[in-house]
Amino acid sequence: MQSSSAAHQHRRYLYGILMAGIGAMLFSGKAVLVKLAFGYGANAETLLALRMLMALPLFWSVYWWESRRKPMNPITWLDRGKLFFLGFLGYFLSSYIDFLGLQYISVGLERIVLYLTPTIVLLISYFALNKSISRLQWYALVVGYLGVFAVFIQDASSTGIHAWLGMLLVFGSACSYAVYMIGSGEMVKRIGSVRLVVYASSASAVLSIIQSTLYNPSAVFEQTTQVYWLSLLNASLCTVIPMLLIMIAINRIGSPLVAQAGILGPVSTIFLGYFVLSEPITWMQIGGMTLVIAAMWLLVRNDAPRKKSPDSKKSGDFDEVEPLN
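Just so you know, we're using our numbering here: the sequence shown kicks off at 1 and counts up by one.
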């Protein structure tokens, strides 16, 4: 009996790691699809609107499925207002300036900069919320930003001043998402991660449609077939599906292990950039990526003892889930 239970737990662990790794790689593919769509003449405003429009019915399908599985507490209009603001920060503003930044830098640098989001959360918590940072965490911060600088040198050598603009835009995206993560911490405990994601994405969809309409009212109807297919892949394969995989993985193995599996994200992006977009891979880039991954691993390992174990929550409870950019 114990052997059967141990085998079940082992399979659960392996499937959780597998889903977390696949989810991280699919999320990271977003940058490659956006770059390809730029090649067909699409702009950031239109691509964001198409992504959110196509993802919205998929998100609400997830919400319907989750609502049938367990009852949900009602939320107030004040909560809805907060969710709208969180959607603006975490889904609209963060995604929009990320798309803008991708016009100037490689997908590898973009993903590595976004991978620094936990360090930005840590710094905001330290300076704004008076939370302490251990010596190991400070070391990890320094190592992580040295790694980003090393990868940045690679981009700057080929694109010059545009690399500075692109990196600043993507770093601004990471900062916006970090504020969203801090602000959503209290909300996700009360209303659940599924409703948080669905309401925030709905707010982003509304805002992106308004923005696209003001920029060019007919743009979303005038794109090439390739742009629509790439946007559909972005909405489904690189947004909603990986979100579900990450949800299930956190439920099975816990947040710290899922975060460690997220290391596959920047690694896969660099190689996708090479094979799909013909972006170069250099030893400087690999070295910088290694430093950033090592720094994030240190932060996750340092934070892991304070996390709840996956077995401490009932099966099917996804309240620890955080959507990824």
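For the record, the hints were derived by calculation from the structure and aren't laboratory data. All of these numbers come straight from a predicted model, not from anything done at the bench. Mixed in with the good hints there might be a few duds.
[Said to hold, decoys possible] For lysine to any residue, the following SDA-like pairs were computed, each having C-alpha atoms within a straight-line distance of at most 20 Å: (1) LYS189 - ARG12; (2) LYS70 - ARG190; (3) LYS189 - GLY81; (4) LYS131 - THR76; (5) LYS131 - LEU298.
[As the list claims (entries may be wrong)] Between beta-carbon pairs, the in silico distance windows are: (6) HIS8 - LEU214: 30 to 36 Å; (7) ILE161 - PHE271: 35 to 41 Å; (8) PHE127 - ALA294: 31 to 37 Å; (9) ASN73 - GLY39: 42 to 48 Å; (10) ALA294 - LEU14: 21 to 27 Å; (11) VAL276 - GLN9: 36 to 42 Å; (12) ALA294 - LEU232: 35 to 41 Å; (13) GLY81 - GLN9: 28 to 34 Å; (14) SER5 - PHE127: 16 to 22 Å; (15) LYS131 - THR225: 45 to 51 Å; (16) THR76 - ASN130: 27 to 33 Å.
Even glycine gets a Cβ: it sits at the ideal position worked out from N, Cα and C.
Hint-by-hint comparison with the structure:
{"no.": "1", "hint": "LYS189 - ARG12", "verdict": "violated (25 Å)"}
{"no.": "2", "hint": "LYS70 - ARG190", "verdict": "holds (14 Å)"}
{"no.": "3", "hint": "LYS189 - GLY81", "verdict": "holds (17 Å)"}
{"no.": "4", "hint": "LYS131 - THR76", "verdict": "violated (30 Å)"}
{"no.": "5", "hint": "LYS131 - LEU298", "verdict": "holds (18 Å)"}
{"no.": "6", "hint": "HIS8 - LEU214: 30 to 36 Å", "verdict": "violated (54 Å)"}
{"no.": "7", "hint": "ILE161 - PHE271: 35 to 41 Å", "verdict": "violated (27 Å)"}
{"no.": "8", "hint": "PHE127 - ALA294: 31 to 37 Å", "verdict": "violated (24 Å)"}
{"no.": "9", "hint": "ASN73 - GLY39: 42 to 48 Å", "verdict": "holds (46 Å)"}
{"no.": "10", "hint": "ALA294 - LEU14: 21 to 27 Å", "verdict": "holds (25 Å)"}
{"no.": "11", "hint": "VAL276 - GLN9: 36 to 42 Å", "verdict": "holds (38 Å)"}
{"no.": "12", "hint": "ALA294 - LEU232: 35 to 41 Å", "verdict": "holds (36 Å)"}
{"no.": "13", "hint": "GLY81 - GLN9: 28 to 34 Å", "verdict": "violated (43 Å)"}
{"no.": "14", "hint": "SER5 - PHE127: 16 to 22 Å", "verdict": "violated (47 Å)"}
{"no.": "15", "hint": "LYS131 - THR225: 45 to 51 Å", "verdict": "holds (50 Å)"}
{"no.": "16", "hint": "THR76 - ASN130: 27 to 33 Å", "verdict": "holds (29 Å)"}
The structure fails hints 1, 4, 6, 7, 8, 13 and 14 (numbered hints given earlier, in ascending order).
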